[in-house]
Amino acid sequence: METQSEEQAVTKPADSGGEGGPPQVAGAQGARPEDRMTLLLRLRAQTKQQLLEYKAMVDANEEKTPEQIMQEKQIEAKIEELENEVEEAKIAFEMKKLALDRMQLSTALKKHLEKTDIKTSVLMDNMKQILNLNKLIMKSQQETRDLEEKLLDVRKKRLQLKQASERKLLEIQTEKNKQKEDLDSMENSDKIKTIQQNLETEIQITTVIQNVFQNLILGSKVNWAEDPALKETVLQLEKNLTMI
Amino acid sequence: MSALRPLDKLPGLNTATILLVGTEDALLQQLADSMLKEDCTSELKVHLARSLPLPCSVNRPRIDLIVFVVNLHSKHSLQNVEESLCHLDAAFFLGKVTFLATGAGRDSHCSIHRNTVVRLAHTYRSPLLFCDLEIEDFRATMAQRLVRLLQICAGHVPGVSALNLLSLLRGSENPSLEDL
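Line order of the protein sequences matches chains A and B. Mapping of the first sequence onto UniProt numbering: residues 1 to 244, in sequence order. Mapping of the second sequence onto UniProt numbering: residues 1 to 180, in sequence order.
Calculated from the structure, these hints are not laboratory results. Any given hint might turn out to be false.
Said to hold, decoys possible - Over the 10 Å line for every Cβ pair with chain A, so calculated as not near, a few chain B residues:
id, residue
1, S74
2, H76
3, H109
4, R114
5, L120
6, D132
7, Q144
8, R148
9, L163
Stated by the list, open to error - Some chain A residues close to chain B (C-beta under 10 Å, calculated; not the full set):
id, residue
10, L43
11, Q49
12, Q50
13, L51
14, E53
15, Y54
16, E87
17, A99
18, A225
A virtual CB, placed ideally from N, CA and C, is assigned to each residue, including glycine.
Here chain A stands alone, though its shape is the one from the complex:
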């Protein structure tokens, strides 16, 4: 469905004095000849530029556009490629223009220098100043580079030290783990178990003997608090052997 859209046109004639459209110029012909000249030159430059654009379009249209349907990603990639090509062409042109300008400048400079007296020329003073500044710049750049290298060396050393300390810590940790493992394994070995069992039986036997002696002494109704040797024996019998 096509919608009819409204359109409004607003126009304004150019307001700078004397630079109206050609019909107006015809009327003011004799009055300001310089303005007319500039107008004509400007129009000439305009027309040249517009002609250039049309020519470029004609050349561009002669190239065939690929008709196959490409995926959007490919189209984007292709567009970026083409844009890069445009940029490169522009850069190359600018470089060439720069080189040309420099060549022209140097020939003009050479001719000027051949004419003027070298000792008093302001140009020579400028050149000498430029050379001095350039030497200064190169020196400071060299210093910067040296400092940066030193910084880099220090950083490398720090990295190496860090790595060495990391390795040492790792070794310490593995040693600790090994020790713990050995301890655990030792605890679980059979020898310890048998020893532990023997110990337990011995403790039990001793406890029984202790209790027997205690009951013997208490049962004989002897006053064991009076005799220090007996008192010591009884108190010794109170010792709980499982706590050892």
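Given chain A, work out where chain B should sit, using these hints.
Here is chain B on its own, set in the frame of chain A:
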């Protein structure tokens, strides 16, 4: 109603025509007035349209620059612009189309995210300008910029073409696009 083509007519002598497309009539009219107030050596013609395609019946000069005005406060204007873009010949996008987003100043009223418009401009490889058209000073500055753009697109500036300008404008945009 065929698609609008950029170079199918001969240019008028010393004339540059700009077409402003957008749903906000008042803003477009104000922008047009600001542009016409600008000092310019070429004759300026400003055409306003709500949407493309334009009616064939009108005899109009060659259009040098199309500015699509998107109001960030209304989704309708974005839709309108997207629909109008289909009616343009591909050759227009070689520098003769610009997007203008207005209303970014009042963030609370914005229903369209800034990135949407940025992506739209990136898809069509055209420059995107931001301007609050309601504020007089910004409008005047934008009018100056548009007049300058128009002169370049109409070929009135020797040595700079629309395509050249496009690649120049692109250079400053790229850093932000990488964040998308």
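Evaluation of the provided hints:
{"no.": "1", "hint": "S74", "verdict": "holds, 17 Å"}
{"no.": "2", "hint": "H76", "verdict": "holds, 14 Å"}
{"no.": "3", "hint": "H109", "verdict": "holds, 26 Å"}
{"no.": "4", "hint": "R114", "verdict": "holds, 21 Å"}
{"no.": "5", "hint": "L120", "verdict": "holds, 14 Å"}
{"no.": "6", "hint": "D132", "verdict": "holds, 22 Å"}
{"no.": "7", "hint": "Q144", "verdict": "holds, 15 Å"}
{"no.": "8", "hint": "R148", "verdict": "holds, 15 Å"}
{"no.": "9", "hint": "L163", "verdict": "violated, 7 Å"}
{"no.": "10", "hint": "L43", "verdict": "holds, 6 Å"}
{"no.": "11", "hint": "Q49", "verdict": "holds, 4 Å"}
{"no.": "12", "hint": "Q50", "verdict": "holds, 4 Å"}
{"no.": "13", "hint": "L51", "verdict": "holds, 9 Å"}
{"no.": "14", "hint": "E53", "verdict": "holds, 5 Å"}
{"no.": "15", "hint": "Y54", "verdict": "holds, 6 Å"}
{"no.": "16", "hint": "E87", "verdict": "holds, 6 Å"}
{"no.": "17", "hint": "A99", "verdict": "violated, 18 Å"}
{"no.": "18", "hint": "A225", "verdict": "violated, 95 Å"}
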